[in-house]
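S.K.: One-letter residues, chain by chain:
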Amino acid sequence: MNPYLAGIGLGLVLLAAFVLVGRGLGATGAFNSVIAWAVSTVSPGHARSNEFIAGYLGDGTSSPLKSWLLFEVIGLFAGAMFSGLLAGRAKVMIEKGPRVSVRTRLVMAFAGGVLMAFGAALARGCTSGQALTGGALLNLGSWAFMMMVFAGAYAVAYFVRWQWR
Amino acid sequence: MMAPFLKYGMFGDETSLVLAFLIGIGFGFFLERAGFGSARKLVSQFYLNDLAVFKVMFTAIVTAMLGVTYLGWIGWLDLSLVYLVPTYLVPQIAGGLILGAGFVIGGYCPGTSVAATATGRVDGLIYLVGIFAGMFAFAEMFPLLKGFYLSGAGEAMTIPGAFGLPYGVVVFAVVLMAVGGFYGAGLLEKKFATPVE
Amino acid sequence: MRGWISRLTLNQTLAVAAVALGALALFAAPYPGSKVTLDARELALVVGTEADHIEAPELAAWILENRADYRLIDLRTEREFAAYSIPTAVNVPMNVLTDAGLGRQEKIILYSEGGIHSAQAWMLLRAQGYKSVYMLKGGLEEWKDQVLFPAVADNPTATERARDERLKSISAFFGGQPRSAAAVAAGAAATPAMATAATPASPAVVAPPSPAGGAKPAAPKKKKEGC
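Protein chains in written order, with the working numbering: chain A, 1 to 165; chain B, 1001 to 1197; chain C, 2001 to 2227.
Some clues are possibly wrong.
[Stated by the list, open to error] In silico DSSO-like pairs for lysine-lysine, Cα to Cα no more than 27 Å straight-line:
no., chain 1, residue 1, chain 2, residue 2
1, A, K66, C, K2168
2, B, K1191, A, K96
3, B, K1146, A, K96
[Claimed, not checked] Some chain B residues well away from chain A (every beta-carbon gap over 10 Å; in silico):
no., residue
4, I1074
5, G1075
6, G1120
7, I1126
8, G1147
9, Y1149
10, L1176
11, G1180
12, Y1183
13, G1184
14, L1187
15, K1190
16, K1191
[Said to hold, decoys possible] Computed footprint of chain A on chain B, listed as stretches where at least three residues anywhere in the stretch have a Cβ under 8 Å from a Cβ of chain A:
no., stretch
17, 1056-1063
18, 1088-1099
19, 1127-1141
If you're looking for bench data, these hints aren't it; they were derived computationally from the structure.
Heads up, the beta-carbon is just placed ideally off N, CA and C, and yes, glycines get one too.
Based on the provided sequences and hints, a complete structural model is requested.
M.R.: Shown next as structure tokens:
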């Protein structure tokens, strides 16, 4: 699809979120809610005492799984699957360059995920919640964050090029 | 004023969760359409072969930005009721750098890794597992990181607000920057090989 | 004119449209400033008919009934709020009132120590388009007089007794205790006793029947909204 048309589509979805519920898109918050739910299920006291987790538990009157972002991410999953099936792009495979083993690629994927989680937690959002949503609202922190995402990625890209090409 | 509908009480929290699911479907659909279910497509941004990430992201930002600007201007949308993540400049700059590194190492960002998993990418799934592990670790280490996490201003502020510029001027500047960037992206792509399919 | 437009590719057309919309937006001011507009006649009517008042016993009854269709806002400072607050109330000091994320259509009940701050906040919210804003009549002072420490007759008649029993039970529920009407008439200050009695010493008594849904406590314990 023409990237500009996909971008306009994405922008209109984001605008719909602003107009309907007064908030933008996101992804990381959904994972945090799941973590908060899991920790509070296993050890409620521990969850309460951890400030970061407690922030996602709210006042305790509703389950942390009853989170706007979690429902949105479930929708994301469904929408992506629908689009992928429609275009015949959905198949079980691993994205990697020809020179890297499956095992190494998966280890790198895991490591990337861990780094991403730390970055997103510190920045209070990821590429969707901060860069996209905050970008459209001209949020100062979001723009600073966005520049740094590109800076960080370009700085590291050279050192991991064996993974992709 | 009538929007945001939820904050004007036109429907309740339960309905908003249904809408979250529907909005998510649109989100996922366009992410996948843009090709962002593929790590190779995403990281091509950082090797300058295919700048789709930049193009899609900035087109979406410009579209939504113009949308809220006009809707707010004609008085349809109360922008002060749209949630603005507070700015904590120092941790957000550090977080951005870490996240950028994670992006090119793992191949995804959180939203796109969900799209990748939904279309069968095993590495996307492992990446998601990594996010959960990392997020859990961050939460457990939070007492140590709290000081840094809360450093910087900690207020919701926009670029026009922070620099005392008229809102419309910043909007126009962003549009010009984006269009100029798209033109530059086209030139770069011509220079550095072919787009990923 | 038509010539060059028809020669543009899709991408170029989009770019031209974006720049045009961006240029037009140069003069846009999408955030509603802190300036407000008032419908003076409508407000005067509301004020004149006291349609914006909620009496203390009425509010007490709502809390007892567990009603959840309103937000009770305590406008006093954090410290005052910590010392005593009406059950189910949420502390939103004056200076953060318009950033507190209250819904424009929500039923909002304001109270302060007396009546002045809530009246001022009422005006502020109405001016910003909040549709149903009410004040607790007489503020906390009347709440204390009529709900926490109501005057009961010393030698009640039959009808008075029924009323007094009800007052007593309500008062006990909120952790107060009735006073003798004679003492009230004699001008005995209710305040000193109040300070101790009204402090929720035993949470079991004062514990608010937290209304399900709707009236969740606002600011501090709200779930994170961001990504």
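S.K.: Against this structure, judge whether each hint is valid.
M.R.: Now for the hints, and whether the structure bears them out:
1. Under the criterion of a C-alpha separation no larger than 27 Å, the hint pairing K66 of chain A with K2168 of chain C is inconsistent with the structure, at around 40 Å.
2. Of the supplied pair hints, the one linking K1191 of chain B and K96 of chain A holds, its CA atoms being roughly 23 Å apart against a limit of 27 Å.
3. A threshold of 27 Å between alpha carbons decides the hint, and for K1146 of chain B with K96 of chain A the separation of about 36 Å lies outside it, so the pair is violated.
4. Every Cβ of chain A is farther than 10 Å from the Cβ of I1074 of chain B; the closest lies at roughly 13 Å, confirming the non-interface assignment.
5. Residue placement check: G1075 of chain B keeps its beta carbon more than 10 Å from all beta carbons of chain A (closest about 13 Å).
6. Its closest Cβ contact with chain A, about 4 Å, brings G1120 of chain B to no more than 10 Å, contrary to its assignment away from the interface.
7. Not every C-beta of chain A lies more than 10 Å from that of I1126 of chain B, the closest at about 4 Å, which undercuts listing it as non-interface.
8. The beta carbon of G1147 of chain B is kept farther than 10 Å from every beta carbon of chain A, the shortest such distance being approximately 12 Å.
9. A Cβ of chain A approaches the Cβ of Y1149 of chain B within 10 Å, the least distance being about 6 Å, so the stated non-interface status is violated.
10. For L1176 of chain B, the requirement that its beta carbon stay farther than 10 Å from each beta carbon of chain A is met, with the minimum near 14 Å.
11. Every C-beta of chain A lies more than 10 Å from that of G1180 of chain B, the closest at about 14 Å, which supports listing it as non-interface.
12. With 10 Å as the threshold on Cβ separation, the claim that Y1183 of chain B sits away from chain A holds: the shortest Cβ distance comes to roughly 12 Å.
13. The beta carbon of G1184 of chain B is kept farther than 10 Å from every beta carbon of chain A, the shortest such distance being approximately 14 Å.
14. No Cβ of chain A approaches the Cβ of L1187 of chain B within 10 Å, the least distance being about 15 Å, so the stated non-interface status holds.
15. Remark: the non-interface label on K1190 of chain B is consistent with the geometry, its nearest Cβ contact in chain A lying 15 Å away (cut-off 10 Å).
16. For K1191 of chain B, the non-interface assignment is confirmed: its Cβ lies about 16 Å from the closest Cβ of chain A, beyond the 10 Å cut-off.
17. Remark: the stretch 1056-1063 of chain B is confirmed as covered by chain A, as 8 of its residues place a Cβ nearer than 8 Å to a Cβ of that chain, reaching the required three.
18. With 11 residues having a beta carbon nearer than 8 Å to a beta carbon of chain A, the stretch 1088-1099 of chain B meets the requirement of three or more and the stated coverage holds.
19. Only residues whose beta carbon comes within less than 8 Å of a beta carbon in chain A count, and the stretch 1127-1141 of chain B has 14; three or more means the coverage holds.
Violated hints, listed in ascending order, are 1, 3, 6, 7, 9; each of the other numbered hints is respected by the structure.
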